[in-house]
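Undergrad: Sequence:
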Amino acid sequence: MTGRCVCKHGILGMKCDICPEGTVLGPDGCMDESLAQSFPGSCSQLHCKFGAICKESGGRSQCFCEISCPPISAPAPVCGSDGNTYVTSCQMSLFSCRYQKPVTVRQQGPCKPGGIIIGAEDVSPTAGPVRRSTVQKTTLDQYESKSTRDVSHSEQFYLSTGPTTSKT
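For what it's worth, full-length UniProt numbering labels the leading residue of the sequence shown as 1, then goes sequentially.
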């Protein structure tokens, strides 16, 4: 354990309270500023993306996600272009709108586990095993090699050392 928080996707900082530029922290994580606050002016001056619609009130405009998904009676999973599996395509569209991220249906059905989407390819996250241990590996032939942290003397040193006497 590191003692650090595990942040939601896109949130940074030791306390998970920092969002990338152009986004603000909301109850569901980082979201586009246009979804979190209203701006002075009309909807013609505000560009809403990924299914969000603009509404005006009192000389101010704001983007809203009004996507309403029906209750799920039978799941129809889809694999999104971000590599995540969504219960339905509507849920994927809602995610895309709320987080202001371009997510489209890549394929019907769940995504392949462990794959990262790069263009139209599935790529394994690691090309091969990664050695994480820093312990020095030795064989019988390497028995005499010691780590630089070993400060003990050889057995011969202790056997040849005798008591010291002072010269008077």
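The reader is advised that the hints may include incorrect statements.
Calculated pairs, SDA-like style, for lysine to any residue (alpha carbon to alpha carbon, straight line, at most 25 Å) [claimed, not checked]:
no. : residue 1 : residue 2
1   : K55       : Q91
2   : K112      : F95
3   : K15       : S44
4   : K49       : P113
5   : K55       : G83
6   : K101      : G58
7   : K112      : C65
8   : K15       : L25
9   : K49       : K112
10  : K101      : Q91
Think of the hints as simulated: they come from the structure by calculation, not from any bench.
Undergrad: All hints are to be evaluated individually against the structure, with a verdict given for each.
TA: Hint by hint, here is what the structure shows:
1. With a CA separation close to 22 Å, the supplied pair K55 and Q91 stays within the 25 Å bound.
2. Proximity of K112 to F95 is assessed by CA-CA distance (about 20 Å); at most 25 Å being required, the pair is judged to hold.
3. Note on K15 and S44: the hinted pairing is violated, with a Cα-Cα distance of about 37 Å set against a maximum of 25 Å.
4. In summary, the hint linking K49 to P113 is not supported, as the alpha carbons are separated by about 29 Å, beyond the 25 Å threshold.
5. A threshold of 25 Å between alpha carbons decides the hint, and for K55 with G83 the separation of about 32 Å lies outside it, so the pair is violated.
6. Restraint check: the Cα-Cα separation between K101 and G58 comes to about 29 Å, which exceeds 25 Å; the hinted pair is violated.
7. Proposed proximity of K112 and C65 is contradicted: the alpha carbons are some 29 Å apart, above 25 Å.
8. A C-alpha spacing of about 12 Å is found between K15 and L25, which places the hinted pair at or below 25 Å, so the restraint holds.
9. A distance of roughly 28 Å separates the Cα atoms of K49 and K112; the hinted pair therefore is violated under the 25 Å criterion.
10. Between K101 and Q91, the direct Cα distance comes to roughly 13 Å. Compliance with the 25 Å bound is thereby established for this hinted pair.
Hints 3, 4, 5, 6, 7, 9 from the earlier list are contradicted by this structure; the remaining hints agree with it.
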